[in-house]
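A.B. asks: Take a look at the letters that make up each chain.
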Amino acid sequence: MLTRLPDKKLLFILAALLAAAISCRPREKWHSFTLLFFDTVCDIQVFCPSEKLPAARDAICRAFGSCQERFSPGSQDLSDRLVLELYQKALQVNRASAGCFDITVGSLIDLWGFSSRAYRIPGPEEVEAVLPLVGMAKINFEENALVLPPGVKLDWGGIAKGWGVDLAAQAVVSLGITRGFINAGGDLYCWGPNPDHQNWRVGIKNPRERGYLGVILVTDMGVATSGDYQRYFERNGRRYHHLFDPETGYPAQGKRSVTVVGPETALCDALSTALFVSSDPEKIIRNYPAYGAILVDDQGGVAAVGKSFPFNRLDGP
Amino acid sequence: MNRRDFLRTLLAAGIAAPTLLEARTLRSSSALYLISDSPGDVLPPVLAEIDSRIQKAGRRFAFLNPHPNAEEINKTLSALGWKFDQRASAGGLAFSFQRLGLPSLPSFALIRSGRICDIRSQRLWQTWKKMAASGALSSCLTIASFDLPRRNQIPGKAVTVYADGKRLASLPLARDLVKPFHTRAGPVVVGVEAGRAKVLSSPCQHRVCLASPPVFLAGERIVCAPRHFLLEVEGPHLVDTVTG
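Protein chains in written order, with our numbering: chain A, 1 to 317; chain B, 1001 to 1244.
Source of the hints: derived by calculation from the structure; they are not laboratory data. On a predicted model such as this, the values are computed, not experimentally measured, just so you know. Hints are not guaranteed to be accurate.
[Claimed, not checked] Sample of chain B residues facing chain A (criterion: CB under 8 Å; computed from the structure):
(1) Y1162
(2) P1236
(3) L1238
(4) T1241
Heads up, the beta-carbon is just placed ideally off N, CA and C, and yes, glycines get one too.
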């Protein structure tokens, strides 16, 4: 008994030290905030101590800001390191998709009035005249810079936002934040468990009605969607959207939306456009074994291709 | 009787097609198929389970064709607060009756959008087992058609207004109102009418916010990017975040 008394004291001191350590440790909690970049609302939810939040917000703003600055229409330094890096990613998807994804559709975007919002249906001869300006093979790479032939115009809209999300997520994770999501207008990356300690529930918008088509359950993944309902105009009951088939110069037909899930949001972003445009999306996704997609065809039919992820249909027949 | 047997019974009775067709003509999203000579006994527990999900515009019921147990059903539902209607109305319960050619064990199935709902996780499972255990055969099939709200559409209770990243106000959707907000970029007027919120005026260039349809479902938003202005309907979300 005499020898046990000091043990008890020691235990008490240890317990007190432990309690002090726990109480001194910054308390982590969920923080949500909204930013406006890329002409859209960006939702962020992170699990971290309040003291870390300003650093996280700054890191996201820096990542989004540098992407927005470099890849907005008309503001391109074609020798910038980030521009060249993203060009390489875009080129890789362009090749893997047999040209279905192409960042040189800028002149088509202009021709159809999507850049000015003065929407119009160009005549066939106008489309024919612009097609020679489309095609990534036309971009030259000289002395560490991209060189565009006269008239060729880049549109990074199909990949830059996703890449901004990747850069922002990397920056936030490097701060030691282990749970959260960053969603820039539908292009998102989520990591760690959600507030219910489950995988994140990502709702896929129904392309024709209010509400969701379904919910995918993912974590440590990027998600991006391309749809004919995001930017479009209607003439004589027909819908003309902004996802152009680089081969024809007309909006791609046959699908309402494509959602891609995979490790990199930038690739999800680019692949969602490529699969939307392609008539054989399965062939493209086979080149990306870590990626899967949910396609909604023009009749409302839903199909999954590539790697499968848990998907709960909400509006199913 | 398991679910497969139940369907087999319907098919064997040669009535599946006409009954399904009949249910579809009602444009109802859901139907309760009930084999029982005394449907009045089974309806209370089933309705108790689905009552909270039936559209509240309902709580009225009607018979689409003569039903031998109409009086019993009428009495049971009246006791539960349902009102009889001469004609089927949207959102209510519509009963129809079919005589089974081959008497079968009492049973029921809930069918939603053409698919059988899994009831094993619900209290209805006990009711199902009790019915099947009775052993007495029945030749009376009652079909109750009704609408369930879509699972992915939950109306919100309030709309929150943000400008320049700051929360300005939370407006209840239950009360009609018009409220101006002074943002850094100019005044924006928000209106709530009949439970739906919308932007009534904004000096922004493209007027996308003004053209946006009114919002009322939890999570729905109206965004005015140039004005850094955001309306968001608050409420329980089915999802953590959204793509598309």
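A.B. asks: None of the hints should be skipped; say for each whether it holds.
C.D. replies: Against the structure, the hints come out as follows:
Checking B/Y1162 against chain A by beta carbon gives a least distance of about 7 Å; that is within 8 Å, so the hint holds. Checking B/P1236 against chain A: minimum C-beta separation of about 12 Å lies over 8 Å; hint violated. Interface restraint check: B/L1238 against chain A, minimum CB-CB distance 7 Å, threshold 8 Å, status holds. With a least beta-carbon distance of about 5 Å to chain A, the hint placing B/T1241 at the interface is held under the 8 Å criterion.
Hint 2 alone, counting from the list given before, is not met by this structure.
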